[in-house]
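The residues making up each chain are set out below.
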Amino acid sequence: MKIIKRYVKQVVLLTAFSSFALGTSLQAVHAAPGGSVEPDVPVGITILPLDKHPVPDVMKTQARLELKEMSERGYVDSTEEAVSYLDKAKQNKDNRLKPMKEVAPKLKIVPANIASSALGNANFLGAAASGGHTEEGWTGLDRVFVVPKLGIVGLNEIDYIESQGGMAFIEEAINQEVNGFPAILRVKQSRSKKGLTELTWATDRKIYTLSTNRALKNQKSIDEFLAFANSIL
Amino acid sequence: MKNVIPKSNRGIRRTVLASAIFFASLAGGLFSASANADLSWFSRANCINNESITWHVWNPEWLWTNTYHYKNGAYLHCDNNVGDGCTGNAWQQTWRAAAVHWNEGFIGGFYVYGKHWRRSSSTGTYLLGNTSATGCNPTHW
Numbered sequence: 001m002k003i004i005k006r007y008v009k010q011v012v013l014l015t016a017f018s019s020f021a022l023g024t025s026l027q028a029v030h031a032a033p034g035g036s037v038e039p040d041v042p043v044g045i046t047i048l049p050l051d052k053h054p055v056p057d058v059m060k061t062q063a064r065l066e067l068k069e070m071s072e073r074g075y076v077d078s079t080e081e082a083v084s085y086l087d088k089a090k091q092n093k094d095n096r097l098k099p100m101k102e103v104a105p106k107l108k109i110v111p112a113n114i115a116s117s118a119l120g121n122a123n124f125l126g127a128a129a130s131g132g133h134t135e136e137g138w139t140g141l142d143r144v145f146v147v148p149k150l151g152i153v154g155l156n157e158i159d160y161i162e163s164q165g166g167m168a169f170i171e172e173a174i175n176q177e178v179n180g181f182p183a184i185l186r187v188k189q190s191r192s193k194k195g196l197t198e199l200t201w202a203t204d205r206k207i208y209t210l211s212t213n214r215a216l217k218n219q220k221s222i223d224e225f226l227a228f229a230n231s232i233l
Numbered sequence: 001m002k003n004v005i006p007k008s009n010r011g012i013r014r015t016v017l018a019s020a021i022f023f024a025s026l027a028g029g030l031f032s033a034s035a036n037a038d039l040s041w042f043s044r045a046n047c048i049n050n051e052s053i054t055w056h057v058w059n060p061e062w063l064w065t066n067t068y069h070y071k072n073g074a075y076l077h078c079d080n081n082v083g084d085g086c087t088g089n090a091w092q093q094t095w096r097a098a099a100v101h102w103n104e105g106f107i108g109g110f111y112v113y114g115k116h117w118r119r120s121s122s123t124g125t126y127l128l129g130n131t132s133a134t135g136c137n138p139t140h141w
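Heads up: the protein sequence lines correspond to chains A and B, in order. Just so we're aligned: the first sequence equals residues 1 to 233 in my numbering. Just so we're aligned: the second sequence equals residues 1 to 141 in my numbering.
Extracted from the complex, chain A is given alone in its bound form (with noise of 0.2 angstroms):
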């Protein structure tokens, strides 16, 4: 709670921000004609009580769910697939992921400066373009590593404000911070034990997810996680 109330009046300014930037003209403009019927998503990033997203309530039991089992033990159970991305990723690497000097010039974004975060030195098996299609390019970035201790780490990046998007958080899943701003750590495993960590937490600009196929469970760990994380600008 110490960490969403010290946020609050930061997550406030952002989205004041996002919303003048962005909602006020292309929302106007593009509001669902024809009484379209769309989910209740703003531009712009917002912390929302899990009772207040315009989701299904079998959502909000499977997060309730998933809280509980963070509280508890410290990771979340999860379906092979959902844990096996980075593994995927890193089979299908010669047709899936490219060098940067490839990817670069499809980008409509400036990607995150890595060089001098402890991801400078890792073993970058290559990177896809991602996010929303644009006429000057993709609007969000894939990067992926391989990382001693870690195993695979992928870093994806999305600029909410070149995507016209936004994200409304999971107010109660708030349990780190990454750089000042706030941030949600996850653990899951799989029944096979496999593993994975995501940490995801949005900037003025971006939202970053940091993840591993390592089901980190020790706070060392967490905190070596944290350290990259935070070493990303």
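Computed, partial: chain B to chain A, Cβ under 10 angstroms:
| id | residue |
| --- | --- |
| 1 | 58 |
| 2 | 68 |
| 3 | 85 |
| 4 | 117 |
| 5 | 121 |
Because the hints were derived from the structure by calculation, they are not lab data. For every residue, glycine included, the Cβ atom is placed at its ideal position computed from N, Cα and C.
Using the hints, position chain B against chain A.
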């Protein structure tokens, strides 16, 4: 309009048209298969189909896509990835949430505007973004 195609060639024309539609639909699949690996979203217009698509080939997600179609500047209609004309809940756990009007773009003159959402029981609800198109964007695939 007077049909200027000789009767003897009309069967050929129908075959060519059907083939064009078939291969264009097939091409859509091939473009998709070689597209971005991680969570991506885009719209295409006048590319035989008019469509907006959200997809994540490595990890099925809970996704929702609406596609709004305008013809010569006038709003025509909306559809979503469950094909109910944007009248209800379209959340789907899938690797590809495609809102498509098949073959609608063949005559040209369309503007397609897409809106893309994701939900996660771990982190929250996302307005991934808005996309627009007046063409196929084939160079990006």
